[in-house]
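K.L.:
Here is how the chains run, residue by residue.
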Amino acid sequence: MRPPVAERDRIVRLLVRFGSELRAAGLAVGSGDIMSYCAAMTELDPADLADLYWAGRTVLVCRRDDIAGYDRVFRRFFLGDDDQVAELLGLNAAAASQVSQSTLVIPAADPGADERGEEAVLGLMASGAETLRQKSFAACTPDELAAVRRIMARIRLTPPQRRTRRTRPARRGSVPDLRRIVRRSMRMHGEPAELCWRARKVRPRPLILILDVSGSMADYSRNLLQFAYSARRAAARVEVFCFGTRLTRITRELDHRRPDDALARAARTVFDWEGGTRIGASLESFVREWGRRGLCRGGIVVICSDGLDRGDPATLAAAMERLARLSYRIIWLNPHKGTDPAFRPSTLGMIVAAPHVHLLLSGHDLASLEELAALLPSLN
Amino acid sequence: MDRPESVSELADALRRGGYLADRGLATALFVALRMHRPVLLEGEVGVGKTEVAKVLAAIFGRRLIRLQCYEGIEVNQALYEWDYARQMLHIRALSQQQIADPDAVDKLFGPKFLVERPLLEAVRAGDGAVLLIDEVDRADDEFEAFLLEVLSDFQISIPEIGTIKADSPPLVILTSNRTRELHDALKRRCLYHWIGYPAPDRETEIVLLKEPGVGEALTRKVVAAVNRLRELDLAKPPGVAETIDWARTLHFLGETDLGQAAASDTLGAVVKERDDLELVRDNLADITSGE
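Protein chains in written order, with the working numbering: chain A, 523 to 902; chain B, 486 to 776.
With the rest of the complex left out, here is chain A:
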């Protein structure tokens, strides 16, 4: 049952407006997506809110994290008290709200959003010192920006390699390359005159940076973030996380061409700048949400922290043990180590974590970060 042309035009216009609202809310919705949405709605019933909701969600949303944002905009746009919208759909406002209550249950308790909310509450209760404030990197001094560029120019991060399951043609290898053997033998009237081989390819291991941005690390965390940015630019498979009282993934935020933009965006995402530290809980949530899914399998995990943990040491010990099993190597950068070769960790957190740490470096200045960069390729 297709609606008449004029009505279809109105529906399309409405859907386009909905699309731009989504765009305004930060979802990446392209014109092609909106076209697909309109096409989908011609197959479905535009007057049915459930169809409108689910078709939009399946076409316009392509990331789980975006579902909550979509729900918000949808609720505001189609279920708000905008009479015009209801009218356009051939429903009066009363019917619309009725429909929404009976058939369309927007899953308000999206598991992801819920988790985050809960965590936020827990975080607030657990650490009295957490100060929820944002620290702007937009106000980077010219000196600091120059420093970023200097690091970027100087540090070449080459994570160690590992052999993959893929093969490529090679002079000598373990697997005969039948394709090439046959092709070559064609020239010799089918006489396989020479043997060709394939060898396993090598690939850089993933590098995961987990940075402490809590109060006790305040003097270093800005540098570390700059380092993370340069690392992200220098090697392809780099993931960056920050934590104070809770863990935030900032990999996407750092994917910005201009360093000031990237750092500003990352700083906006991280909520617990210079607050308390809960290393154990943060690492545990890393293991549970990311590590378990394979993000750090076979990878090098670099943790930058002073080990001043306000949480339960048992949590940290358990998290470190799991992390050690999930990843290839763990490197711990402790700025308090400085240049002292006889440094022994004194904080409880460090002592608990030490058995699982492969390498302890300092990372308090540029030179020590370069030391890290130089050590990386040799970790194989």
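Honestly, I wouldn't trust all of these hints.
[Unchecked claim] Per label pair, the in silico range of CB-to-CB distance:
{"id": "1", "chain 1": "A", "residue 1": "E716", "chain 2": "B", "residue 2": "P644", "range": "16 to 26 Å"}
{"id": "2", "chain 1": "B", "residue 1": "L599", "chain 2": "A", "residue 2": "R780", "range": "48 to 58 Å"}
{"id": "3", "chain 1": "A", "residue 1": "R535", "chain 2": "B", "residue 2": "R687", "range": "54 to 64 Å"}
{"id": "4", "chain 1": "B", "residue 1": "E763", "chain 2": "A", "residue 2": "E811", "range": "13 to 23 Å"}
{"id": "5", "chain 1": "B", "residue 1": "R687", "chain 2": "A", "residue 2": "R780", "range": "42 to 52 Å"}
{"id": "6", "chain 1": "B", "residue 1": "Y555", "chain 2": "A", "residue 2": "S868", "range": "19 to 29 Å"}
{"id": "7", "chain 1": "B", "residue 1": "L762", "chain 2": "A", "residue 2": "G554", "range": "43 to 53 Å"}
{"id": "8", "chain 1": "B", "residue 1": "R501", "chain 2": "A", "residue 2": "A528", "range": "38 to 48 Å"}
[Said to hold, decoys possible] Where chain A lies over chain B, by a calculated footprint (3+ residues, C-beta under 8 Å):
{"id": "9", "region": "510-516"}
{"id": "10", "region": "519-529"}
{"id": "11", "region": "550-559"}
{"id": "12", "region": "571-581"}
{"id": "13", "region": "657-665"}
{"id": "14", "region": "671-684"}
Quick caveat, the hints were computed from the structure, so don't treat them as lab data. Backbone N, C-alpha and C define an ideal beta-carbon position, used for all residues, glycine too.
Once you've looked at the hints, dock chain B against the given chain A.
P.N.:
Quick look at chain B alone, frame taken from chain A:
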């Protein structure tokens, strides 16, 4: 039936095939069927991502073609490969018999020596097939880029044979466990649906549909217990598949109630990590207590 007229008709068909889909999943699949777009299903382990492809194939009487992705999967394991060993033997035979057949070379690169892999098979089968690309997150990103090409126009070029194109493309279902983020370009080509854990009532329904022999009272208890397990801080929370397994195991052992002892004996069906086992055993009384 090959062309459901409405979302509810598709949902009913799935139910008859033994799969309970919620409105969101049914809508996504309906739109995919109508618009010939691939569907990307993400969700926790064991919520029925792969199952839905199997059921779709069954209810539409289509062939299920499965491409299981793994690290290092290459184009010639997904698309096609020449049977080199046979080609070589054939060449040898020809040259030994001194047969001067002008078509010999053409035959050498003809269908007889072509080994079809799932993607080529699916393109050939067209809408007579459901193509399941399972655990696409396990393949590496080079492979993803290649998939993108195939999924956008369902056309495969083999230099020696020519271009093979699907008149009407197969229904494609991709699944991912989110071990890594997929590229946006691939996601853009697909409809997206996140499958979460079902609500307790629906989960009970699912278990009863799958294991009709298990009593409803026991099923409700098992579902309640599993939901409590999911609230615990487990490294690997149980999926729907585990719920079904647990109910089946208890039923097989002749249990009619989920007591502490029975639960403790059969815990291996739901909890599959050592650390988790310890945590669960400590809270067993709580987990098995009533509805």
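K.L.:
Each hint needs a verdict: does it hold in this structure or not?
P.N.:
Status of the hints after comparison with the structure:
no.: 1; hint: A:E716 - B:P644: 16 to 26 Å; result: holds, 23 Å
no.: 2; hint: B:L599 - A:R780: 48 to 58 Å; result: holds, 50 Å
no.: 3; hint: A:R535 - B:R687: 54 to 64 Å; result: violated, 37 Å
no.: 4; hint: B:E763 - A:E811: 13 to 23 Å; result: holds, 21 Å
no.: 5; hint: B:R687 - A:R780: 42 to 52 Å; result: holds, 48 Å
no.: 6; hint: B:Y555 - A:S868: 19 to 29 Å; result: violated, 46 Å
no.: 7; hint: B:L762 - A:G554: 43 to 53 Å; result: holds, 48 Å
no.: 8; hint: B:R501 - A:A528: 38 to 48 Å; result: holds, 40 Å
no.: 9; hint: 510-516; result: holds (count 4)
no.: 10; hint: 519-529; result: holds (count 6)
no.: 11; hint: 550-559; result: holds (count 4)
no.: 12; hint: 571-581; result: holds (count 6)
no.: 13; hint: 657-665; result: holds (count 4)
no.: 14; hint: 671-684; result: holds (count 9)
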